[in-house]
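Q: If you want the building blocks of each chain, they are given just below.
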Amino acid sequence: MDWLVLSEEEWTAVRLSLRVSSVAVLVSLPLGILVAYVLARGKFWGKSILNGIVLLPLILPPVVTGFLLLIVFGRRGVVGSFLADYLGIVLSFRWTGAALACGVMGFPLMVRSIRLSIETVDRKLEEAAGTLGASPLWVFLTITLPLILPGIIAGMILAFAKAMGEFGATITFVSNIPSETQTLSAAIYTFTQVPGGDVGAMRLTIVAIAISFAALLASEFMAYLVGRKVAVE
Amino acid sequence: MTMIVDVRQSFKSFVLDASFTSTGGVTALFGRSGSGKTSLVRAIAGLSKPQRGRIEIDGDVLLDTERGIFVPMHRRRFGYVFQEARLFPHLSVRQNLLYGKWFAPKSAQVENISHVVELLGIGPLLDRRPGNLSGGEKQRVAIGRALLSSPRLLLMDEPLAALDDERKAEILPYLERMRDETAMPIVYVSHSVAEVARLSDRVVMMSDGRVEISGTPSDVLSGSQVLATERREAGVVLSGTVEAIDSAHGLATVRLSSEVLVVSNARAQVGQSVRLHVPGRDVMLATRKPEGLSALNILEGQIAQMDAEGEGMVRVKIRCGEDVVLARITGLSVERLALQAGLPVYAVIKTVTLAR
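Protein chains in written order, with the numbering used here: chain X, 15 to 247; chain C, 1209 to 1564.
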């Protein structure tokens, strides 16, 4: 069973993938909740345009998204040069860039899931909380947020799964540098490109399956815990 | 407490243009559905923003469109009990009850939870979730939740309308206790004459978004306006004092201005002042003194006034000494007995209920 033992490099790819995906999900979560809230409740001109922009990465070929990221966030890109010159943050060809690419790709899935759950919240409950003295911010934190928790969890899991499997945008934006930007998917791809790499690809595939399955189970369990608390009146 | 309300607001299908004042106690906003009661009470709570108007409580201005003042609902400190309980499903009953306490100013907290829990009889429910409470239990928790947010005024928007008669009967005594044991001013929205007669100190009657008439329950509820609103239940509210108790039969004798009525309610105490609700549909008329009847209350009087109210029904006002009762009888009966103003008659009162 020696073929099952991961090499140091392969472990690095697995850890990197987990880190990239987690960071992508956690950093995009606050923005995702905000955008979902605005889309669910807001009435303003250009709402469908915002909705379109949010959904775009879902429809565009991932390579196109990656290329656009490269243009905007690359060293010479509008945002990228600003970040590099003034804040010292370089995204291109770094693991942070991979997290950005994964976050962008998972964003539509996260927003959609959270938006749907916001739309099902009974606004009469929020009204009742208001009459009890809660300001709009407190109403959101104590009523809306707990009630949409199942949707948030589902959105996070979807975005995490998307990030784990993300390949096209990542490899276009930050390339495939071992121990810096070589994620699990990229490592499997690399194995398939060399003669005799099938065994390595298989090892990493088993790891990928295990991670996906664990994430799924975790989400089911969390949804169960939340569902027990948020029983419908 | 003095509250002044004067609001005007246009909706798609009607215009709300109403004003009234309240000096504490229970003020009932009364009228048929669609008369604008709920719109008015939502404006008072700050759930809607009238185009024009002024709302003031004890000199504190909450709305003044001329000066551009609009205090948002969470700063008004008005408790609101909705038609449906609206309990928070993710919180336990106890957490629901305490929700408003987080936001109330510490200096204003007068109600303590154990008193409210005892008042509403919700002690055994505290650790349960709202999801598996009955309709009546939910509504009692909702009332407690509003009380514990230490409001300076309690707005109740048909809190019993969504409940069946049994649940209503379960909650009404709690509302009476609340009225008597807390000094909380209440604005109570209802379309039920029985509830209004039982609970309110003052009635503001609304129709088509405007205030039709306001005054004491006995004035407003016996007027012809009410008959138009809710003919079946209309009648008179009479004030009197309990003169004697017959605990063996569970009866109380109540002296009115000049007449005496026997009421089945042993909870009353001698000397207590009470109000009696006599529905017009439960009063029969006889031209000779009836004998061999089960009715306990037969008053001798004179017909003071007769008004046809349509659908073949006639409203007859009978003066018995200094008291007045209303009878709602058919036009055929009027013809058969040749009733007319001034004729001496006997009013047979089938049911009379203690309104307070």
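Mixed in with the good hints there might be a few duds.
Straight line, CA to CA, 20 Å or less: simulated SDA-like cross-link-like pairs of lysine to any residue [what the hints assert, rightly or not]: (1) X:Lys138 x C:Pro1280; (2) C:Lys1309 x X:Glu141; (3) X:Lys138 x C:Lys1314; (4) C:Lys1309 x X:Leu151; (5) X:Lys138 x C:Gly1232; (6) X:Lys138 x C:Ser1300; (7) X:Lys138 x C:Leu1306.
With beta-carbon atoms standing in for the labels, derived distance ranges [as the list claims (entries may be wrong)]: (8) C:Leu1380 x X:Lys61: 21 to 29 Å; (9) C:Ala1503 x X:Arg137: 31 to 39 Å; (10) X:Ala224 x C:Lys1257: 39 to 47 Å; (11) X:Leu159 x C:Glu1519: 30 to 38 Å; (12) C:Glu1384 x X:Ile63: 56 to 64 Å; (13) X:Leu159 x C:Arg1360: 39 to 47 Å; (14) C:Arg1360 x X:Leu40: 49 to 57 Å; (15) C:Asp1416 x X:Leu159: 51 to 59 Å; (16) X:Leu18 x C:Leu1306: 25 to 33 Å; (17) X:Lys61 x C:Arg1360: 33 to 41 Å; (18) C:Ser1221 x X:Lys61: 27 to 35 Å; (19) X:Arg137 x C:Gln1513: 27 to 35 Å; (20) X:Lys61 x C:Asp1427: 49 to 57 Å.
Honestly, the hints are just simulated from the structure, not real lab data.
Quick caveat, the model's predicted, so the values are computed rather than measured.
Beta carbons: idealized from backbone N, C-alpha and C, even for Gly.
Q: Enumerate the violated hints, using their earlier numbering and listing them in ascending order.
A: Structure breaks hints 3, 5, 8, 9, 10, 11, 13, 14, 15, 16 and 19.
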